[in-house]
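2 protein chains.
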Amino acid sequence: MRETAAPSAAAPGASDAPPPADALPDDELNALNAHWRAANYLAAGQIYLMDNPLLEQPLRPEHVKPRLLGHWGTSPGLNLIHTHLNRVIRTNCRDVLCIWGPGHGGPAVLAGSWLDGSYTRTYPDVTRDAAGMARLFRQFSFPGGVPSHVAPETPGSIHEGGELGYALSHAYGAALDNPDLLVACVIGDGEAETGPLAASWHSNKFLDPVHDGAVLPILHLNGYKIANPAVLARLPETELDELLRGCGHLPIHVSGDEPLAVHRALAAALDRSLELIERIQRTARAEGGVERPRWPLIVLRTPKGWTGPAEVDGLPVEGTWRSHQVPLAGVRENADHLRQLEEWLRSYRPEELFDAEGRPRPDVLACVPDGDRRLGATPYANGGLLLRELPLPPLERYAAPVDKPGATRHEPTAVLGNYLEELMAATAGRRDFRLVGPDETASNRLQAVYGATGKAWQAAVRPVDEHLDRHGRVMEILSEHTCQGWLEGYLLTGRHGLFSCYEAFVHLVDSMVNQHIKWLRVTRRLPWRRPIASLNYLLTSHVWRQDHNGFSHQDPGFIDHVLNKAPEVVRVYLPPDANTLLCVADRVLRSRDRVNVVVAGKQPCFDWLTPEQARAHCARGVGIWHWAGTEDGHRDPDVVLACAGDVPTQEVLACALLLRRHLPDLAVRVVNVVDLARLLPREEHPHGMTDAEYDALFTREKPVIFAYHGYPWLIHRLAYRRVGHPQLHVRGYKEIGTTTTPFDMVVGNDLDRFRLVMDVVDRVPGLAVRAAAVRQHMEDARTRHHAWIREHGQDLPEVLDWSWTG
Amino acid sequence: MRETAAPSAAAPGASDAPPPADALPDDELNALNAHWRAANYLAAGQIYLMDNPLLEQPLRPEHVKPRLLGHWGTSPGLNLIHTHLNRVIRTNCRDVLCIWGPGHGGPAVLAGSWLDGSYTRTYPDVTRDAAGMARLFRQFSFPGGVPSHVAPETPGSIHEGGELGYALSHAYGAALDNPDLLVACVIGDGEAETGPLAASWHSNKFLDPVHDGAVLPILHLNGYKIANPAVLARLPETELDELLRGCGHLPIHVSGDEPLAVHRALAAALDRSLELIERIQRTARAEGGVERPRWPLIVLRTPKGWTGPAEVDGLPVEGTWRSHQVPLAGVRENADHLRQLEEWLRSYRPEELFDAEGRPRPDVLACVPDGDRRLGATPYANGGLLLRELPLPPLERYAAPVDKPGATRHEPTAVLGNYLEELMAATAGRRDFRLVGPDETASNRLQAVYGATGKAWQAAVRPVDEHLDRHGRVMEILSEHTCQGWLEGYLLTGRHGLFSCYEAFVHLVDSMVNQHIKWLRVTRRLPWRRPIASLNYLLTSHVWRQDHNGFSHQDPGFIDHVLNKAPEVVRVYLPPDANTLLCVADRVLRSRDRVNVVVAGKQPCFDWLTPEQARAHCARGVGIWHWAGTEDGHRDPDVVLACAGDVPTQEVLACALLLRRHLPDLAVRVVNVVDLARLLPREEHPHGMTDAEYDALFTREKPVIFAYHGYPWLIHRLAYRRVGHPQLHVRGYKEIGTTTTPFDMVVGNDLDRFRLVMDVVDRVPGLAVRAAAVRQHMEDARTRHHAWIREHGQDLPEVLDWSWTG
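Taken in order, these protein sequences are the chains called A and B.
What the first sequence shows, in UniProt numbering, is residues 1 to 806, in sequence order.
What the second sequence shows, in UniProt numbering, is residues 1 to 806, in sequence order.
Just chain A, with the same shape it has in the complex (with noise of 0.2 Å):
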């Protein structure tokens, strides 16, 4: 493939071309271009070489790696737009961040960052001299050395190359908040494919131009993925035009194989569109306008593998996708393409880019800016450098009265609305606290928030909307992919906030969770990386009660997925009341470095911790509710009712209480698990518990019947290790479930308080003779109420009608 070589005009029906492609002075061309050949070099010798780094000798075989790995497609089209940003950065006294969208091309930006020294200021023994070179040629891609993605160990980073579809939302959370900052977005056109990436075109509806930074997108088509031709690069231009546009932008496009031209046609392009958005924002923040501003993006086509191979073995490679990752795979075996690759790295003249210690020249470097402006340097991609700590008001100005346990009731999501309310008003200065939620805050009971910010919006207002707000920090659309990927960006760079989300749809991001763990996993094992907010989720409309929805809205699996994760990160907190939630709210938003999971109901709940018993349960993370229980302190119990999550708790004290009623000399003990962790053995989580610990709540031999809100073979999973493990029971969610009232739920689920006398007779051995007419009770209350609600098309008022006698 060859692309016309003339860098085109902005396509038909723009209003914007960039100014004449020579306004770029021949001496700053030529050293733009003496950057982008070395970062070149420097790509391709991490990729090939483990020796001999700057060609000083003929290339043999043995300075080639055994194992040839690495994306080399990409890494020319990244290492111009690095080339350029340097100049962008140090031509405007901008803080620039930038995402690198096709992170696969990990040489690429290591290079960029080696050049411009960051690189060797963060890991000092990567010099930027020959045997710095040689380190960095070595070290990718090879044990022991660094990922072939940009990762977390990549300097200037807040975006793993892996999984693709994140870097717009990314860019987006980065910028929010972020007055100053300008968030370059690299978009691959692999990446333009996946869905997360095309939902978040429409991030620009919610970008406050007076609040927010920048973010311009550069769309990056080399036409092909890892075998086939892209969709976006194979649409007519004024095609692509009218969706860029759709989507709310300006394109300004930049085509072309011949590197001079397109030198100056990208410089032209950024130049344009750093001066479209300084208008933008000029316009905005000192005229106060208010129009939904077009932003600008740019269009850069560039052939794929550019300046690699042109053919091999008869193929063309250069401008295709086998450029992919290695163009010549066979260097250690095949003396031709042997041959090859040494006239490849030599065409880049590296003699005339390192000086004979392999220093970079002066021309080399004539572009780069200097310190904390540097795209490897700057702050904004080590968040926990810029990281406050947030106000958080005190709890018990929320909390919810409790006289007894089970007299009142409460929402408890409704309560944390509150809270929130107020930390909201905290922040609405320093503007480091951001609720996202998949147009469900309200739906959640968290509307308490609008008193202090309304909902960032920038599109068309009418009348009858409420709570929109051009500087609102609440951030809601219908993709959950682009909340996380906000949030993500926010927290990345140094800020707080909370997700909530239905239970059941955050599965949606089981993906991208999965990549922050890892991500989080990573730098918290690199000591230049400093700590970060936590990405806290709040998962409420759970499975118990999907009342309008039914069946495709109960899902309890999000947390089996998390637990699967990095201990050091993961954790999972199933607060059983609303003061309980409060105090966990309160933990995890102080917490740093973790995936945080909270599963509360919006629904009335039953209060039965006082603020301050909540607060020692949730330090705790699970204990004996000795008012609920029926134990002789002197003996052990008969039998231990466990629940964690808000519906179990409710049948487990229900359970209770009908067993004090018709077995009173039962000894009961009912025991609380909020943090859910705490169940593993200790040397698996930071938070399990020893044997020792977990057998003075649960006992070795008793029977213990557990109420658990999801999946039951999860507690199973957590708790195998222990002795008493084979007496453990566990009722939860078995995929049962249709539109239906609250207890019909449980009980086809078997969690219900009859069921759970059922199996408390059923396990305890040595009952007395009449412990068979309770069951049978039971088992007719159950069928009672089962007729009562098919009848009714309600539950039986009794359910929810009664109080806490302990």
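Bear in mind the hints are in silico, worked out from the structure with no lab data behind them.
Even glycine gets a Cβ: it sits at the ideal position worked out from N, Cα and C.
Check the hints yourself; a few may be wrong.
[As the list claims (entries may be wrong)] Pairwise CB distance ranges (calculated):
| # | chain 1 | residue 1 | chain 2 | residue 2 | range |
| --- | --- | --- | --- | --- | --- |
| 1 | A | 336 | B | 283 | 44 to 54 Å |
| 2 | B | 352 | A | 403 | 51 to 61 Å |
| 3 | B | 329 | A | 796 | 16 to 26 Å |
| 4 | B | 409 | A | 336 | 21 to 31 Å |
| 5 | B | 425 | A | 58 | 46 to 56 Å |
| 6 | B | 260 | A | 463 | 22 to 32 Å |
| 7 | B | 762 | A | 684 | 12 to 22 Å |
| 8 | A | 684 | B | 776 | 20 to 30 Å |
| 9 | B | 394 | A | 779 | 47 to 57 Å |
| 10 | B | 783 | A | 26 | 51 to 61 Å |
| 11 | A | 288 | B | 282 | 53 to 63 Å |
Given the structure of chain A, go ahead and fit chain B onto it with the hints provided.
Coordinates of chain B only, in the frame set by chain A:
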């Protein structure tokens, strides 16, 4: 909100405007409106009434359901489309399938189906008269009744109205290889914000106008989601028009809130769309045109909750988000709400719509088609009716010859590729098998299929491209969501397919597979729903072999995710070699109503089993590999080495070799697990083993060292009920990884042969004294390998250079 009453012309720049709005004769117009009024009445009736369905008596509180559930807001729009699709079907004698993206509007789709008689055909007790109407109303969102959303229970649907985002990809999947079918696809403006939906707009670059049917997207902008305006509804019409043109469509705009005007405009827009579609198909089919067509699309703007209460309690409701669910919430308690409800219901003039027996009057049914053409009766929505057995090739033709175990190696997925090539060839005429994947068919080594068919592609083609084919049946787009949506749509309409995907990134569709499993779980219990072909995943490029990519590409947790779901639906297979993969493929392609997850490597893998052995092993799902063990037939083994997955099998067999050499007196049994659910108890999964079967394989008290492909605790979760469980020790992936060598990966996660030998020494009691020396020897070997890998950047050849001598 009030939209301008007149239907707008197409947007500026449109080359097509609908024909004059008065083309519809008045009697037809009135009949359409009568049908729409009836449907609206029935939708509202379902949400509110449990008695007095025809309002023969004044409305009293006891006629109203105690729990008011459902989504009114979207229903009038869906009803409008249902009415008009009826007309189109009847007028054009076409097969139409409708995908109701806003499936929360269950009452609407049920209303339409009841009106056209297909509901009664499916559920004879819900007759098309007053008694049936009473049932229809009462059952909706009622315990023991039908779900609130469009669901498997809904005749005419292949698309659950729960999680949003998949309407358009489902529609395209349904249209593929159904040349005579028109798939209308209603997309809500909420759903349009999701990533999966946004990505799926580009499906039109893959739709073959010759062999595929047509998709007519109807973007329904009612302006609001749960609590927010929708983004697309707040774009200026010109900008929205650009966006949709950029997506390759020709938008036809219909807007208004005056029913008769909207009826006229919508009828004209549909007629125009059909005319365009017919022209496109004629051009491609009869005239051999090869230009990618610009398919029509309808943008329909009508008020949310149209015809419902305009105001409630002084706040605007119709045309706002407040009509999203139940516009009048307090009907039983609030006399004013009750009065408003009665007014609202009577506003449809039910007495004009239904006769005294509650039967729809003739003019209401004038637009309704007959027989299988009815939207609620089309066999395309009950794909099992159309399903044919696949012509599967004989396995032996493609099997790897195996003289002795472990002497040769094959790439399992490449062997499967050959088999799939024949299957592709055998279905060339029938066109009922497709392979989908996110740009990975060749990367996953299945490229042999290109010998039989190419990659579907309607966009521009260049000379360098390979295997692109306007009529191809391999579908590649870099969107796992779109791949999954296409395949689901294809399967649900009665065809077959396979999804090949990188193991780590299949988590992108966690949420989609949840919904599909739920769908199948319900349809399996509906006698009128005929079984469909299973959804088959081939997960490759798996956790142990991510040489080019590293940590971000390592995640074996999809297995855990799927095994949480309905056991009657889910199956997981881990074939240890190429021949077993062939047998598993044969099995899953024959199966029905399942989600099958097959994990297999693409790298060269030792051949262990002959085709006959593989077939027998696959049929059992788990078995002792006697040739690999050293147990004396007359006594129990000292230790069981179990394995599941290709890499773990290799390490276990190497461990068995080491034990044979170093501890020759030890009686070792090797057990391989192909079908993971076999480990579950029989009562928890249809494939589960009885305790007797399990004990016969794994013993009741001997140590079992289990090398597993994924997260080790999953094996405990499956086996915790077994007597021998305390002796079970599992090795697997522990989230330790980076870009490194294959053997370094297994060492890092303690899954390597040396570690397994050490595990044996640590766990088998009463070993000879020299076992300690053997253990040290293994420890030394690990150290030696580690150092060699760090120095040389590759594995010592000995980890692959051995042959099985047992």
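A quick look at each hint next to the structure:
Judged by the Cβ atoms, the range 44 to 54 Å given for residue 336 of chain A and residue 283 of chain B holds: they are separated by roughly 49 Å. Between residue 352 of chain B and residue 403 of chain A, the C-beta spacing of about 59 Å keeps the proposed range 51 to 61 Å intact. For the hinted restraint 16 to 26 Å between residue 329 of chain B and residue 796 of chain A, the CB-CB distance of approximately 22 Å keeps it satisfied. Restraint check, residue 409 of chain B to residue 336 of chain A: a C-beta distance of roughly 27 Å satisfies the suggested window 21 to 31 Å.
At roughly 50 Å, the beta carbons of residue 425 of chain B and residue 58 of chain A sit within the given window of 46 to 56 Å. At roughly 27 Å, the beta-carbon separation of residue 260 of chain B and residue 463 of chain A lies within the given 22 to 32 Å, and the hint holds. The given range of 12 to 22 Å is respected by residue 762 of chain B and residue 684 of chain A, whose C-beta atoms sit roughly 18 Å from each other. Between residue 684 of chain A and residue 776 of chain B the beta carbons are some 27 Å apart, a value that agrees with the proposed interval 20 to 30 Å.
For residue 394 of chain B and residue 779 of chain A, the hinted distance range of 47 to 57 Å is satisfied, since their beta carbons lie about 55 Å from each other. Here the CB-CB span from residue 783 of chain B to residue 26 of chain A is close to 58 Å, well matched to the stated 51 to 61 Å. For the hinted restraint 53 to 63 Å between residue 288 of chain A and residue 282 of chain B, the CB-CB distance of approximately 56 Å keeps it satisfied.
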